[in-house]
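Protein chains: 2
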Amino acid sequence: MKVIKSPKSIKREIGKQKRKAKTIGFVPTMGALHEGHLSLIRQAVKENELVVVSIFVNPLQFGPREDFKKYPRPLSRDLKLCRKEGVDFVFTPDPESLYPKKFSTFVEVAGLADQLCGKFRPGHFRGVATVVAKLLNIVQPDRIYLGQKDAQQAIIIKRMVDDLDFSVKVRVMPTLRQKDGLAMSSRNIYMNMRERKSATVLFRALNLAKLLISNGAKDSLRIISRMRQMIAREPAKIDYIAIVDLESLSPLRKISGNCLIALAVRIGKVRLIDNTIIRA
Amino acid sequence: MKVIKSPKSIKREIGKQKRKAKTIGFVPTMGALHEGHLSLIRQAVKENELVVVSIFVNPLQFGPREDFKKYPRPLSRDLKLCRKEGVDFVFTPDPESLYPKKFSTFVEVAGLADQLCGKFRPGHFRGVATVVAKLLNIVQPDRIYLGQKDAQQAIIIKRMVDDLDFSVKVRVMPTLRQKDGLAMSSRNIYMNMRERKSATVLFRALNLAKLLISNGAKDSLRIISRMRQMIAREPAKIDYIAIVDLESLSPLRKISGNCLIALAVRIGKVRLIDNTIIRA
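Chains as they are written, first to last, in the numbering used here: chain B, 1 to 280; chain X, 1 to 280.
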């Protein structure tokens, strides 16, 4: 396994592999790898001849009051995990090499980026779309692997890939969960024991919604109100609960077609997100 | 020579050629080809094994009151010229195939796009950057050929290519001119005889600036004022005359380093641009 810091070097190395017509699977991460990431890496190893993982805490997607500085960076542990999974290249660029002083180009996915988390994290998805566009050009993968946990991110990246004609297949893999249902996240480590227990409320609220819908509930506002009631019992602050169209992310009054139920909740200092898809 | 309308088909065709490790030169155009375009095509033929020309009047870069609808589209003449020059593929997409209904991703080059022409054509360079990002992903060229006449466009595309890590070399070729100095442009045909004669004032004003500078002039405002006086003698409306840093496009008070002198002037219903570079 090669660990490469320089964008130019990894481009060159991957270029060599591409000339051998190897298929390339790419898993972009911010490191602090957990089972969720590993499931993406395993899928990439299964489906491609060469697997590239990027580990880059992207400053462009953090707001000024967010946790960029304290975001966990256990690099040597991450590299061990990658090696164990059979990753070929790990790309670990410095922020300065991806964003030199003159950097001034941004990729915006209009509309989609202003919904859900976008309302609470202005500029976040612009940062995500921009870094992923860069990484796609550097790594030139055949397949990119994303987690369903970051549903809006996956939808925005799919839209960008289609709109800008990138030659990559976007593979979105299921959310991995702890035994009690909490979605895996690098940010879970920020919580203390009590908060950790409350955090299962996101999963429980989604299950409640699914139950209500399977029992015939159609009215989004009523379903959301029931979810709110459940979450209100915990020491949690709701950023949003939304039932939206799976492609446009626009709110749905009535459950119909494929829809996404998504929520973001603050517990202590941690902001947690989770979601589920309801298929028509 | 193959003429291909569908983005998917040309991607596939070019993919085949890339697997043979052919180098690809790309000349993006809006058609209505003139000697300026042909000089780019000839350079591309000289430097690459395969040459792709796109002919696409990009709606995204026209303002609501601009000449999108009446922009000249002499396709069969353009194709003849391409064939004669030895072009391999001509890409002639429909607007709907590049911008389907759900399209919502835009590439913005902050700062650079707001200067010079950007002030008078809001959204123009966003449209240019977005379509070029798409075309680069579709054509995957080794080299892209642009004309120096559209200086700001070339600078913005260079910035975007660097910032988003595209693997393409940007080649900017000299402006071609009529015998009387008028820069070649597909829009020159909009002018009547009298306007056509006045139009040489852009070139004359640039030459005046060069002369003043070679005689030691350093003060940009004075130079610009002399250019204004010259243009005022013609039935012309000045959009701007600017002396700017060649990379940042920010205005320079004093001539120093490499600088760009650029101007946009309306004559009758035509908006003409021209520029010259002063090397330190």
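Calculated from the structure, these hints are not laboratory results. Treat the hints with care, as some may be off.
If chains are identical, the list can't say which one is meant, so a pair holds when it fits in one copy or spans any two.
What the hints assert, rightly or not - Once the Cα atoms are required to be at most 30 Å apart in a straight line, the calculated DSSO-like pairs of lysine-lysine come out as: (1) Lys210 with Lys254; (2) Lys102 with Lys254; (3) Lys169 with Lys22; (4) Lys169 with Lys269; (5) Lys101 with Lys254; (6) Lys101 with Lys70; (7) Lys5 with Lys18; (8) Lys22 with Lys179; (9) Lys102 with Lys218; (10) Lys101 with Lys218.
Outcome of the hint check:
In this assembly of identical chains, the alpha carbons of lysine 210 and lysine 254 lie at most 30 Å apart only when taken from the same copy (14 Å versus 68 Å across copies). In this assembly of identical chains, lysine 102 and lysine 254 lie within 30 Å of each other by CA distance solely across copies; the values are 22 Å between and 47 Å within a copy. Taking identical chains as interchangeable, the C-alpha atoms of lysine 169 and lysine 22 lie at most 30 Å apart whether they share a chain (15 Å) or sit on different chains (24 Å). In the homo-oligomer, the alpha carbons of lysine 169 and lysine 269 never lie at most 30 Å apart, since the shortest distance is 36 Å inside one protomer and 46 Å across protomers.
Proximity of lysine 101 and lysine 254 under a CA criterion of 30 Å is satisfied inter-copy only: 24 Å between copies versus 48 Å inside one chain copy. For the identical chains of this complex, lysine 101 and lysine 70 are intra-copy neighbours only, at 23 Å inside a copy versus 41 Å across copies, given an alpha-carbon limit of 30 Å. Both within a single protomer and between protomers do lysine 5 and lysine 18 lie at most 30 Å apart by alpha-carbon distance, with minima of 19 Å and 27 Å respectively. In the homo-oligomer, the alpha carbons of lysine 22 and lysine 179 never lie at most 30 Å apart, since the shortest distance is 37 Å inside one protomer and 53 Å across protomers.
In the homo-oligomer, the alpha carbons of lysine 102 and lysine 218 lie at most 30 Å apart only across protomers (27 Å), although the nearest pairing inside one protomer, at 51 Å, exceeds that limit. With identical chains, the CA atoms of lysine 101 and lysine 218 are at most 30 Å apart between copies only, with a shortest distance of 28 Å across copies and 51 Å within one.
Of the hints listed earlier, those the structure fails to meet are numbers 4, 8, in rising order.
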